[in-house]
Structures are given as structure tokens and as C-alpha cells.
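J.: Residue numbers (the numbering used here), protein chains in the order written: chain A, 9 to 522; chain B, 9 to 522.
Think of the hints as simulated: they come from the structure by calculation, not from any bench. Among the hints, erroneous ones may be present.
Capping the alpha-carbon separation at 20 Å, the derived lysine to aspartate or glutamate pairs in EDC-like fashion look like this [said to hold, decoys possible]: (1) B/Lys124 / A/Glu466; (2) A/Lys99 / B/Glu122; (3) A/Lys348 / B/Asp152; (4) A/Lys99 / B/Asp112; (5) A/Lys11 / A/Asp394; (6) A/Lys460 / A/Asp243; (7) A/Lys245 / A/Glu226; (8) B/Lys124 / A/Glu122; (9) B/Lys99 / A/Glu333; (10) B/Lys69 / A/Glu333; (11) B/Lys348 / A/Asp66; (12) A/Lys363 / A/Asp325; (13) B/Lys348 / A/Asp341; (14) B/Lys355 / A/Glu193; (15) A/Lys69 / A/Glu58; (16) B/Lys69 / A/Asp36; (17) A/Lys245 / A/Glu466; (18) A/Lys69 / B/Glu347; (19) B/Lys69 / A/Glu58; (20) A/Lys245 / A/Asp21; (21) A/Lys355 / B/Asp152; (22) A/Lys359 / B/Asp269; (23) A/Lys363 / A/Asp21; (24) B/Lys99 / A/Asp112; (25) B/Lys69 / A/Asp354; (26) A/Lys355 / B/Glu193; (27) A/Lys348 / A/Asp66; (28) A/Lys460 / A/Glu435; (29) B/Lys387 / B/Glu413.
With the C-beta cut set under 7 Å, the calculated list includes, among others, these residues of chain B facing chain A [stated by the list, open to error]: (30) Val48; (31) Ile80; (32) Glu88; (33) Val103; (34) Arg108; (35) Gln182; (36) Pro357; (37) Ala360; (38) Ser361; (39) Ala362.
No residue lacks a Cβ here, since even glycine has one placed at the ideal position from N, Cα and C.
There are 2 protein chains.
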Amino acid sequence: MSKIRHALDVRRDDDFAKWYQAVIASADMAEESGVRGCMVIKPWGYGIWERIQRLMDDRIKAAGVQNAYFPIFIPLANFEREADHVDGFAKEMAVVTHHRLIADGAGGLVPDPEAKLEEPLVVRPTSETIIGDAMARWVQSWRDLPLMLNQWANVVRWEMRTRMFLRTSEFLWQEGHTAHTTREEALEETHRALEMYRACAEEDLALPVIAGEKPENERFPGADETWSIEAMMQDGKALQAGTSHYLGTSFSEAAGIRYQDAEGTQQLCHTTSWGTSTRLVGGVIMTHGDDDGLRVPPRIAPHQVVILPMLRDKPEDEAVLIYCEEVRASLADQSALGEKLRVLLDKSPGKASAKRWDWVRKGAPVIVEVGPRDMEGGKVAVLRRDRLWNTENGKPNMQFTPRGEFARRVGELLEEIQQSLFDEARERRDANILHGLNEWAEVTRFFAEGGKYPGWVEVQWARPTGAALDAVVEQLKAEKLTIRNVPRDGEAADGTCIFTGDPAVERILVARAY
Amino acid sequence: MSKIRHALDVRRDDDFAKWYQAVIASADMAEESGVRGCMVIKPWGYGIWERIQRLMDDRIKAAGVQNAYFPIFIPLANFEREADHVDGFAKEMAVVTHHRLIADGAGGLVPDPEAKLEEPLVVRPTSETIIGDAMARWVQSWRDLPLMLNQWANVVRWEMRTRMFLRTSEFLWQEGHTAHTTREEALEETHRALEMYRACAEEDLALPVIAGEKPENERFPGADETWSIEAMMQDGKALQAGTSHYLGTSFSEAAGIRYQDAEGTQQLCHTTSWGTSTRLVGGVIMTHGDDDGLRVPPRIAPHQVVILPMLRDKPEDEAVLIYCEEVRASLADQSALGEKLRVLLDKSPGKASAKRWDWVRKGAPVIVEVGPRDMEGGKVAVLRRDRLWNTENGKPNMQFTPRGEFARRVGELLEEIQQSLFDEARERRDANILHGLNEWAEVTRFFAEGGKYPGWVEVQWARPTGAALDAVVEQLKAEKLTIRNVPRDGEAADGTCIFTGDPAVERILVARAY
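All chains, please: the whole structure from these sequences, using the hints.
T.: This is the structure in C-alpha cells:
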């Protein structure tokens, strides 16, 4: 029997939602702000987001997309003109109605009635309509196309029930918006962005994802096609980790994004939009976290190696600190995963053992401890966060390594950790997707009896539309299920629709979801 | 007489405000958004801001400050508790009062009366109060200090008269917020941030600045001390380019930021805050722009070298493009100013001459043109944006250089341009500060008769307070003047106060300002 005493007091298997909150709190990633639906992203959580941003931004720029910035406030009229779009968003937006406060005469402040806006402004829930206005100004001729823009920004969608990183009223994201001459080119961009998201998720965040098209009922309001990447969390639920939309010409028509083609004829642009958000951080937690806290994949870890000097308020402390500084300097010269190694020598006050467990809970990929004995032997004690425990003796799996050897091998070690986190998640994901179900009763049985965290099923369907699709959605909803997507790389259908019995046209993933 | 035909149709000397707008428009940096007081920052303008961000963020992190993110919405109660602070901001804030829109029955949308917030929320004009709440939660003991945070964010201050980059309702900025055990340590941080801003402005943006303390009447609402860096624009006006505040214990007291000291006693923290914004981009334009558009200092140029193939729709075009690609690759391998060179091969459609002038107006530091003849001679035609004209013949000052030599020298060339922009601005600034005035009449005469763009004066004063200071402020205001700051590195006073005739205690800079 394992003698391991885990660093968290709640285990994934016991209460996943409580465990999720415990990881966030004990890794010092974020907290409730006291402001309705908004969180504070603390330095460690924000540092992970900054790393994701940096790596994704490099990919965005490499694709020839340019960053820009558009106003946070959107006039009501922009929403009024796009009926489908506003139906999807109108219910959950923050509305600015005044531009001044005045004293209420009782020590408080109230909106100044004299400063009421003629037209209320909406805090952007997404920027299609305001960027559409700009595109209409900027696009005149086919020579101005493609126009490919991206914005890193905060957006607000009023939420009644919030969960940190996954669903908050304000969140941080990037939104790409592009305009093209043809449907083909816009679809190509839709897929380029989707593939970029897959690569980011899998290569940078070590999140295995399935890329595919959303069914009609799950489309972005106003879109012709919506594609997503879907990741499986450790409780078997799906997390939509990024979406890419082909918007056809409907947004162009509403905003007047027209170009003159080579023959001099006015044409509507075909547009796309695509986005990912701080929700990705939630996906990292629920994929890589364990009963000792977070495990951050090295590529997105703010610090990849943390050095902890074991000080005892004794004269030899100074020599240990000098030794640690030497180790730090030799590591800072190394590269890992194509970048300079990010190493921290943590000299903050506190006991070394308490600090070790803080960094374990934060999920730094490699923790290096240095005490007087290590120093004398020219060694360091290395702890891999992804292989924390010696399961035989139930103790942390410390590897005592000559410092020179460690410095030479650290790049390789971090690559190994990055790969191993991905492999572990992919194996779990693949083991938890059930294929080959032909009857609805099998689906309900799977979710009723498939254990606490059942996973996903892949089934075949006839892609019904209209009322028939509504019926399917209701049937799924009764089991708290949703269609995640039609996997892009899925096999062709060869059976009958599990809902209607008609000949199937494609395979879909069905799951509970965040 | 010069035959030069400048790229802009308005000159700095004729109408500075109109020239400023012309630079922004013709360099494609930003435009009015159609949303009250908000601008759209276009890719070239945003790219410059991204470079400023990246370089400043490196400095911020190197100082041990951690980035985090706080809610955009601030409850009214936060403002109510800090009387001085709210007096300074209450007049210009965007107020969210509803969280949903509904159809008005006539095709429009209105705020849903059912969704009125119990307590209105303010869109942050600055985050002292909300970050103060977090600090109060995070700081318990002296071991938690110093706590040094920074946020990159958008903020909103409702403005009636706006000017792109300089004064807009929404703008982008960074705000540092730190808490310390002692006054000394907080003052040290106030000065560290000020010095960081000076270094950023001078080394990265090539903006010569004067660092100094603001007079009492110009302090940040609620601050004990406010320090600034001031830059002189080409119209002789001052631009406050960054501020650093020592807040004493007043924000700590309002938010309850207390720590237990080593003896177990509860103490109030001493806090600071410091900020710079997209206004810096306005400073770059008004310092380095000329009658041909913008000139971007190489360190903050999104592209430092732009290669323009001179194509003629002829068979040799292909060879020219291949040659250009080789030049691009050889440049991309080079370093300049401590970073990889940023080089763009601009293959967009359009005539080479039109594209040249576009890049001149955008201010790319070096433009490289390549036509068939250059290719045959193994050369490139190099145009330095900071030495655009051959004043003898009034033509662009093209230097035909062997491509290998150019690649070898490009790093050095960019360093030269960076330095030369700074030197030019510093010489102009120094030549336009008048010292040694002893009479108020001399000051008024200087601003009345000192030419269209008179510059600044340095005078001595007795640092009056209260009503005496109010009188000084009024006296200055009548001439549209303000006190910029008390230069940190200024000489000691040795005369009498130009306002009161009392013995002077320090020297101040007086100027018209943005």
C-alpha cells in the first residue's frame, strides 16, 4: 500500500470540482476578486497565460496576421444590424449608460443624470461588428485583400455562474478577424487557424485535442461554419479549447465590407474569425494537474527550473548561496525547447521544505534542491514534477546528480517532460473514447454506468437539420450531453444514425462538457 | 534653394496639429473609430506599441516585478472610500449600470430594466483601489513584502476633447503597484521606476527626457509625491511621458494593506504606483517625425529594414525576387541593438516608387530597393530614413552598396540611426530651454515673442503651498503655462522666487504642455 502523502487535501477522484479550486488556490494562480463574475489572475497564473500568448503570437505573426487594437465600447447600432449575431449575445452584455459620477449628498456616489449617454455603449463581448466597421473602411480593392488582423484583448460576457478560468464575466483572449476575396480562401484561413490552435494546444500546452466541425446548433451566432478543438479533462468532460469560424458574407453584408475585383465589379468579402482565451489555462489544470497540484508543461512554464537553497541560518549558508548562483548561471546559458532556459533561484524567506511543496503545487517542471552536502559533492538534488514520487518508499523521487551533468542534460530533460505530459494525456483520452456504439440505449448506459468520469462516445449520425436536429439536441440534453464536433480526421460513416435510424453521413463525438 | 518635394502636404512649421494628424494618417498608425473618444490602433501603430511593451516588460521583470491581471470593473464603494482619489477621477468615468439588452419592439435594443445592477460598476480609470483590495488580502507579514505587481491593461477616462495617442477615452498602458515596509523602500521603488522610464524613453524610444518631481498641484490624486519624465515636442510643448508616485500610507489605510512586522506589530504598508501609456507613441511622432512622415527609432521599429523589389511585370522579376529573398535571409541572420534583426521583404502589389514613399511615411529606419541593375552589380540601394534627402540635388539619398557589405554593416547602421535620432532630439531640446530668467515679465515675453514654438524656461521658485501656490498656478494659467517638474538633476537654487520674490529653494521647468 502506498505511503504517499499528497500535497493537496482533496483528490481528483473524490471531488473534481473541489480539487480544481484547490489546485488554483494552492498554486496561487487566481482568486475571486469580489467584483461580480471577475477573477484576479495572480502572477503564476498570469505568467502561464503570458507564455501561451507569446508562443501563439509568434505563430499568428508567422502566418502574416497583423495585431491591432479596437475600441472596448461598441455602439448599440452595431448589434442591431446583425440579427443572428445579437440573438446569440444580447442576453449577457455589460452596458455603459453614463460617463460621470456625482456625490449623492450622503457620502456616496451615483451616476450623474446629466451625464447619461445618448446611445448606450456595450462592453465588447467579441469584436466582429466593430472590426467589421474598420474593414469596411480599409478594404477598397482586391489589392487590399486578404486583410488579416488579430487582437489581444479583454472581453465581457455577463455570466451568472462562474468558474475561474473556465467561465468568468471578464476574460482575456485573442480574436483573429480576416477578410478574403473568395469562399475558398476564407475556408483555407478558417482551417489554418484551426490547425494553428491544434499545434499550440498539442505542442505548447501538451493538450491532445480533436479538431472538427461543430454541428449547426453549436455554431457561433451568424457563422456559416464553426470548427473547434476539443480536449478531454481528467473527469472525462470535454473542454472546447478554441474555435475558428467561417462567417460567409453575412458579416460583410451587415458591415459593408466590399471590394472591387480585377474586373471592376463590387463584391462582398468572405470573412473568418477565430479565438482562444484564458480558458486554455483551465484546460491545462484539468489535464495535467494531479493530487499534488498543478504540473505545468515546460514550454509554458514561467520558470522551468526552480533552484532552492537549503539554508539553516548557519555560516555555511553563504557558500550554499554562491554555489546555487553558479548553478543558476550555468543553467541560464542552456537552451530548452528552442528557447533560453527559464531558471529561478528562489531566495525568498521561508523553510526549504515548505518552499519545495509550494513549487510542487505550482507545478514547476523541475525543482533543484541544494544543501551543504550536495555542494560538497558537487551535486544537485533534482525532482521531476511529472515523476514526483518513488512509489516503492512513498518519498519524493530525488535524483542526486553532478551539477555539470545536470546542466548538460537539462534541455533534454525538459523535452522529455513536455513529451511525457502529452503522451500521458493522449493515452488517457484515447482510452476514454468509446467507439462502435450503435444504439442510443448503449449511449445512455455508458454515461450512467461508465464510472464517475465516463469519457466520450463516438457515434454515427445522419446530420439532421431543423426540427429533427432540435429533437436530437433535446434527447442529448436530457442526459446532460452535447455534440462536441465531427472530427476532421475521423473515419467515414458506414452505419445508421443513432438518433434517427437513417443512413449515417458522419461520426460525431458526444460528451458532457464545460 | 531646395528642390525637395516632401512626402506630406503639411509641414511642421505651418500647422503642427494638422501635421501630427497627417503623420498618423499617412503612416497608417491609427484612426478615429466612430466610437466616442476611442481610436483604432492600426497594425503599424500597434506594432510600435508592442515593441515598447516588450522592451519595457523586460525591464519590469528584471526588477523583480511580477505581472498580474485585475478586473476591469471597479465597484463604486472602492471610490467612495478614498476621498482625494475620487475627487481626481469622479468626473470622467464610464459607468456600467445594466447587464443585459432587450429588444425595444421597434427593431432596436435597449438596456433591460430587469437587469439593472444593484451597484453600478466603473470601468477602471486606474487600478489603485482594486489592486489595493488584493494587496490587503495577500499581505500578512513582513515576509510577504515587498509585493511588486504590474498590469498591462486598457483603462477608460471619459474625455471630451480627444487627440489620437495623446488623449483618448480608452487607452492602453501599464500600471505598476508596489507595497513596502518602509517609506525609504517605497521611495526607492518610486525612483527605480522613474529611472526605468527615463532609460526606456532615452534608450529605446530615443526620447530625451527630464526626470523630476511634480509640484503639489500636479500630483496624482491621493499621492504624497509624484515624479515624471518630461519630453519636449518639436512645437516646443512638453509631454509628460511617464509618472511614478509615492502614495505614502493613504491608499494602504483606505484598503487596509497592513503587515505584521518582525516584532508582531501591525503596520501600514507604504505603496507606490507608476505608469506609462500609448501616449508614448504620440511622443515618438512629435519628437522624431519630419515633413516626410514618421521616423521610428530602430529599437522600437516593427520592421527595421524593409526590402522593396522593383518589379516591372517582366521575366526578370523572378530573378529579382530570388535575389531579394537572399538579401532578406542574409539580413535576418544579423543582430542589431542586441536582438535579431527585424527585416521585411515587401512583396505586396503596387508600384515600387509608391511603396517606397509609403515606407518613408511610416518611418522604417532603412529602406532597401533592389532592381535588375542592382542585382547585376551584386548591390542594393540603401535609403536611411533619418538622412532621406541629398540636399544638393533634392533627391532621395540612395547609397548603392555591395549586398555583402550592407549585411555586415547593418547592425552598426541601425545603432547609428538610433543614436542620431536621440542626439538630434536632445540638441533641439537643450537649445530650446531658456535658463537664467529672473523676472516674470521675461517669462511672458519669452512665450509671447519666442517664435511660434518657443520651448521651455527654467526659473527658480520658493515652492509656495496653499493659496500662494494657487496664485502661481493662476498666474501661469493666464499664459497657458504649467510647471512641468523640478528636475532631479537640476542645479541648486541661488536666487529669488520669480513669483513671490522670496528666496528660491529649487529650479522648475515651465512650459506649455499636452
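J.: Are the hints correct? Go through all of them and say.
T.: The hints, checked one at a time:
{"no.": "1", "hint": "B/Lys124 / A/Glu466", "result": "44 Å, violated"}
{"no.": "2", "hint": "A/Lys99 / B/Glu122", "result": "12 Å, holds"}
{"no.": "3", "hint": "A/Lys348 / B/Asp152", "result": "29 Å, violated"}
{"no.": "4", "hint": "A/Lys99 / B/Asp112", "result": "14 Å, holds"}
{"no.": "5", "hint": "A/Lys11 / A/Asp394", "result": "18 Å, holds"}
{"no.": "6", "hint": "A/Lys460 / A/Asp243", "result": "8 Å, holds"}
{"no.": "7", "hint": "A/Lys245 / A/Glu226", "result": "17 Å, holds"}
{"no.": "8", "hint": "B/Lys124 / A/Glu122", "result": "19 Å, holds"}
{"no.": "9", "hint": "B/Lys99 / A/Glu333", "result": "52 Å, violated"}
{"no.": "10", "hint": "B/Lys69 / A/Glu333", "result": "19 Å, holds"}
{"no.": "11", "hint": "B/Lys348 / A/Asp66", "result": "14 Å, holds"}
{"no.": "12", "hint": "A/Lys363 / A/Asp325", "result": "16 Å, holds"}
{"no.": "13", "hint": "B/Lys348 / A/Asp341", "result": "18 Å, holds"}
{"no.": "14", "hint": "B/Lys355 / A/Glu193", "result": "19 Å, holds"}
{"no.": "15", "hint": "A/Lys69 / A/Glu58", "result": "16 Å, holds"}
{"no.": "16", "hint": "B/Lys69 / A/Asp36", "result": "18 Å, holds"}
{"no.": "17", "hint": "A/Lys245 / A/Glu466", "result": "14 Å, holds"}
{"no.": "18", "hint": "A/Lys69 / B/Glu347", "result": "17 Å, holds"}
{"no.": "19", "hint": "B/Lys69 / A/Glu58", "result": "12 Å, holds"}
{"no.": "20", "hint": "A/Lys245 / A/Asp21", "result": "14 Å, holds"}
{"no.": "21", "hint": "A/Lys355 / B/Asp152", "result": "13 Å, holds"}
{"no.": "22", "hint": "A/Lys359 / B/Asp269", "result": "18 Å, holds"}
{"no.": "23", "hint": "A/Lys363 / A/Asp21", "result": "26 Å, violated"}
{"no.": "24", "hint": "B/Lys99 / A/Asp112", "result": "14 Å, holds"}
{"no.": "25", "hint": "B/Lys69 / A/Asp354", "result": "15 Å, holds"}
{"no.": "26", "hint": "A/Lys355 / B/Glu193", "result": "19 Å, holds"}
{"no.": "27", "hint": "A/Lys348 / A/Asp66", "result": "16 Å, holds"}
{"no.": "28", "hint": "A/Lys460 / A/Glu435", "result": "18 Å, holds"}
{"no.": "29", "hint": "B/Lys387 / B/Glu413", "result": "9 Å, holds"}
{"no.": "30", "hint": "Val48", "result": "5 Å, holds"}
{"no.": "31", "hint": "Ile80", "result": "5 Å, holds"}
{"no.": "32", "hint": "Glu88", "result": "6 Å, holds"}
{"no.": "33", "hint": "Val103", "result": "4 Å, holds"}
{"no.": "34", "hint": "Arg108", "result": "6 Å, holds"}
{"no.": "35", "hint": "Gln182", "result": "13 Å, violated"}
{"no.": "36", "hint": "Pro357", "result": "5 Å, holds"}
{"no.": "37", "hint": "Ala360", "result": "15 Å, violated"}
{"no.": "38", "hint": "Ser361", "result": "16 Å, violated"}
{"no.": "39", "hint": "Ala362", "result": "11 Å, violated"}
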